[in-house]
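*Asks:* Read off the chains here:
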Amino acid sequence: MASIHLQNLEKRYGAFVGVQNMSLEIADEEFLVLLGPSGCGKTTTMRMIAGLEVPTDGKIVIGGEEVNEVDARDRDVAMVFQGYALYPNMSIYENIRFPLRMRKIPASEHDARIRQAADMVELGAFLDRKPGALSGGQRQRAALARAVVRQPQVFLMDEPLSNLDAKLRQSMRVQIKHMQRQLKVTTVYVTHDQIEAMTLADRIVIMNKGAIQQVGTPDQIYSDPANTFVAGFIGSPPMNLIEGTAQNGRFTAPGVSAPCLDHVRGKVTLGVRPEDCQVGGDNVQGMVYGVEPTGDTTYLTVRAGEKMIEVKAARDYRSDIDQPVGITFDPAHLYFFGEDGQRIRGAA
Amino acid sequence: MSHPVFMWAAARPCRSDRMRTDAPSVLVEGVAKAAPKPAPRRRSPALRRAFPYLLLAPALAYLLVITLYPGLFAIYQSLFVVKFLNWTWAGFDNYTTILQDREFWAALANTALIGAISLALQTGIALAIAYFAYRDPLIRGWRIVYLMPMLFMPSAVAFIWKLAFNDGRVISDLLGRLGLIEGNVDWLGSIWLSRMTLIVADVWQWTPFLFIIFVAALQGQDQEIEEAARLDGASWPKIFWNISLPMMRPVIVVAVTLRGIDITTMFTNVFVMTQGTPGGATETMSYFIYRQGFRMFNFGYASAASVLMLILTVIIAQTVVKRAFHSGKT
Numbered sequence: 000m001a002s003i004h005l006q007n008l009e010k011r012y013g014a015f016v017g018v019q020n021m022s023l024e025i026a027d028e029e030f031l032v033l034l035g036p037s038g039c040g041k042t043t044t045m046r047m048i049a050g051l052e053v054p055t056d057g058k059i060v061i062g063g064e065e066v067n068e069v070d071a072r073d074r075d076v077a078m079v080f081q082g083y084a085l086y087p088n089m090s091i092y093e094n095i096r097f098p099l100r101m102r103k104i105p106a107s108e109h110d111a112r113i114r115q116a117a118d119m120v121e122l123g124a125f126l127d128r129k130p131g132a133l134s135g136g137q138r139q140r141a142a143l144a145r146a147v148v149r150q151p152q153v154f155l156m157d158e159p160l161s162n163l164d165a166k167l168r169q170s171m172r173v174q175i176k177h178m179q180r181q182l183k184v185t186t187v188y189v190t191h192d193q194i195e196a197m198t199l200a201d202r203i204v205i206m207n208k209g210a211i212q213q214v215g216t217p218d219q220i221y222s223d224p225a226n227t228f229v230a231g232f233i234g235s236p237p238m239n240l241i242e243g244t245a246q247n248g249r250f251t252a253p254g255v256s257a258p259c260l261d262h263v264r265g266k267v268t269l270g271v272r273p274e275d276c277q278v279g280g281d282n283v284q285g286m287v288y289g290v291e292p293t294g295d296t297t298y299l300t301v302r303a304g305e306k307m308i309e310v311k312a313a314r315d316y317r318s319d320i321d322q323p324v325g326i327t328f329d330p331a332h333l334y335f336f337g338e339d340g341q342r343i344r345g346a347a
Numbered sequence: 000m001s002h003p004v005f006m007w008a009a010a011r012p013c014r015s016d017r018m019r020t021d022a023p024s025v026l027v028e029g030v031a032k033a034a035p036k037p038a039p040r041r042r043s044p045a046l047r048r049a050f051p052y053l054l055l056a057p058a059l060a061y062l063l064v065i066t067l068y069p070g071l072f073a074i075y076q077s078l079f080v081v082k083f084l085n086w087t088w089a090g091f092d093n094y095t096t097i098l099q100d101r102e103f104w105a106a107l108a109n110t111a112l113i114g115a116i117s118l119a120l121q122t123g124i125a126l127a128i129a130y131f132a133y134r135d136p137l138i139r140g141w142r143i144v145y146l147m148p149m150l151f152m153p154s155a156v157a158f159i160w161k162l163a164f165n166d167g168r169v170i171s172d173l174l175g176r177l178g179l180i181e182g183n184v185d186w187l188g189s190i191w192l193s194r195m196t197l198i199v200a201d202v203w204q205w206t207p208f209l210f211i212i213f214v215a216a217l218q219g220q221d222q223e224i225e226e227a228a229r230l231d232g233a234s235w236p237k238i239f240w241n242i243s244l245p246m247m248r249p250v251i252v253v254a255v256t257l258r259g260i261d262i263t264t265m266f267t268n269v270f271v272m273t274q275g276t277p278g279g280a281t282e283t284m285s286y287f288i289y290r291q292g293f294r295m296f297n298f299g300y301a302s303a304a305s306v307l308m309l310i311l312t313v314i315i316a317q318t319v320v321k322r323a324f325h326s327g328k329t
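Each protein sequence line maps, in turn, to chains A and B. Note that numbering that gives the first Met the number 0 gives residue 147 to position 148 of the first sequence, counting from 1, and the numbers run on in steps of one. Note that numbering that gives the first Met the number 0 gives residue 240 to position 241 of the second sequence, counting from 1, and the numbers run on in steps of one.
Hints are computed from structural coordinates only; laboratory data are not their basis. Heads up, the beta-carbon is just placed ideally off N, CA and C, and yes, glycines get one too. Watch out, some of these pointers could steer you wrong.
Not everything, but these chain B residues come out facing chain A in the computed CB check (under 8 Å) [said to hold, decoys possible]:
id, residue
1, D221
2, E223
3, I224
4, E226
5, A227
6, R229
7, L230
8, D231
9, A233
10, K237
11, I242
12, P249
13, V252
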């Protein structure tokens, strides 16, 4: 159990900056998710915490101790890899036992701990199989058991669910969260899947191009995005971002008109989530471009000028294409972003 | 032995091939001048059907002339007592005599002994160098340097070592200057020293072959697995012993088997360096067969020994590979 501090962490590959000037405090027992598109530096950050990459600059502190100079194998962190990284020549039992053997834990304890870890991920019946004889989900659970068995200070998980199918992913997600709460081990989890991030995290760190965009609880990230990148990255379908101009408390764009605060002026971007839009009204005057019923809800795409606007409509909403349609925005949930993409907040 | 024949046979199809490709190109040019659009070229159906076989013919001819024919000829010849053109049917007499021939058993033992030590040494050394070298990105660029000994002509290598050990006394001189020995060592005077010279020469020339295969196997390993082991607390030697080595097992088996088959036919070094001295202590199977055939002109006898050797090699190689792959699966 340990907290993690990253101080001005930086990783450069020649002229390319992988991670730039990153500072972050991860509390003890916290479940922190690093979220971002591929190449944003999230995996590099995690690998630096693990000791598999050497930072170009900055400090990593785990449990109050600076670990920059500590070898990966002495950091007492366990990692679950995207490709599982099970040892193909060993049975699942031997795979789970390997960290115990390497850390010189008395052999008399091995069996009990291995079985406990295997039971936790419901793998007790497969201990004598080789990894090659298991399904993807079973291999993933074996990898989890191997990480759990030695009770490390920190768990690192690098997109552990991305090789699984959607259904399995959902059940594994719950299992991982349950296990983390049960074991109370500080966990850093890397993913590009915003659903995984929202459901698992105590706090989410959104990264882009090597830099932190926003840190916050899933609720904060969802309802209070700091910039257009975060706004467009979180939510499914993502927030509508409409570029236009604002003056005298009114935002306008082709086919769009909405109230805004007086201090919002000039070229701005309006952000509104599909779930904060309603069919009917006159904030948007456009044409129906497409209707997508998904069963529990219906997504409507409206063309206003050149812009496509996504709306979460009533479950039974139906319409032909190219019909005129009006949209109302929920005035309490409108977000404005300046030309630099940063959020323009309340009274100034 | 049959090299002149092979070169002649291989050269002929080449020459006729060139003639064939030259002729149409002249024709096409002629057509192009006469009409702007040359008519599509048509081959007769018979030629089209024969074409694949024509392409295969040189390789097939090579196999037949160099491998199959001599092999079958040796089996046939082994059933005769051959005194040049005078062949007398002997049935399996050659085989029964050989199995009672102490020189044959000695040669077999020598081959097994020298081969086993040499193979064990080169495998060990190659694995050790591969272990230290495979994480180094420079290795890729420098592979050719490691391969150099393998690229030399075998007889040249044999002469280098003959000079170093025996005629030129380079090694004795070096050891003397280091103060390890005094005077010259008579490398051919002792059973074990002369065997050792053969082993050193073979190890020097063929360790690179195994090294390059082992490095490739190590570099081809999933890096995540190594990293996982690292985070599980394993040191580099432990990762190598517990994970890399077991994963390399099939590659090691195949490489060592190939090398083993090659070693059983060790001839050049024996022929150049020791000629079987002292007292037959370095006489390998190949040299025994050569001596029976081309020094004593017992062609039938030599053929029978070759056939026995072939059978033995196939059986051993088959068992090793089969066992290694079978137990690797479960």
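*Asks:* Each of the hints needs a verdict: does it hold here or not?
*Replies:* Verification of the supplied hints:
no.: 1; hint: D221; in the structure: holds, 7 Å
no.: 2; hint: E223; in the structure: holds, 4 Å
no.: 3; hint: I224; in the structure: holds, 5 Å
no.: 4; hint: E226; in the structure: holds, 5 Å
no.: 5; hint: A227; in the structure: holds, 4 Å
no.: 6; hint: R229; in the structure: holds, 5 Å
no.: 7; hint: L230; in the structure: holds, 5 Å
no.: 8; hint: D231; in the structure: holds, 4 Å
no.: 9; hint: A233; in the structure: holds, 5 Å
no.: 10; hint: K237; in the structure: holds, 6 Å
no.: 11; hint: I242; in the structure: holds, 5 Å
no.: 12; hint: P249; in the structure: violated, 11 Å
no.: 13; hint: V252; in the structure: violated, 14 Å
Of the numbered hints listed earlier, those contradicted by the structure are 12 and 13.
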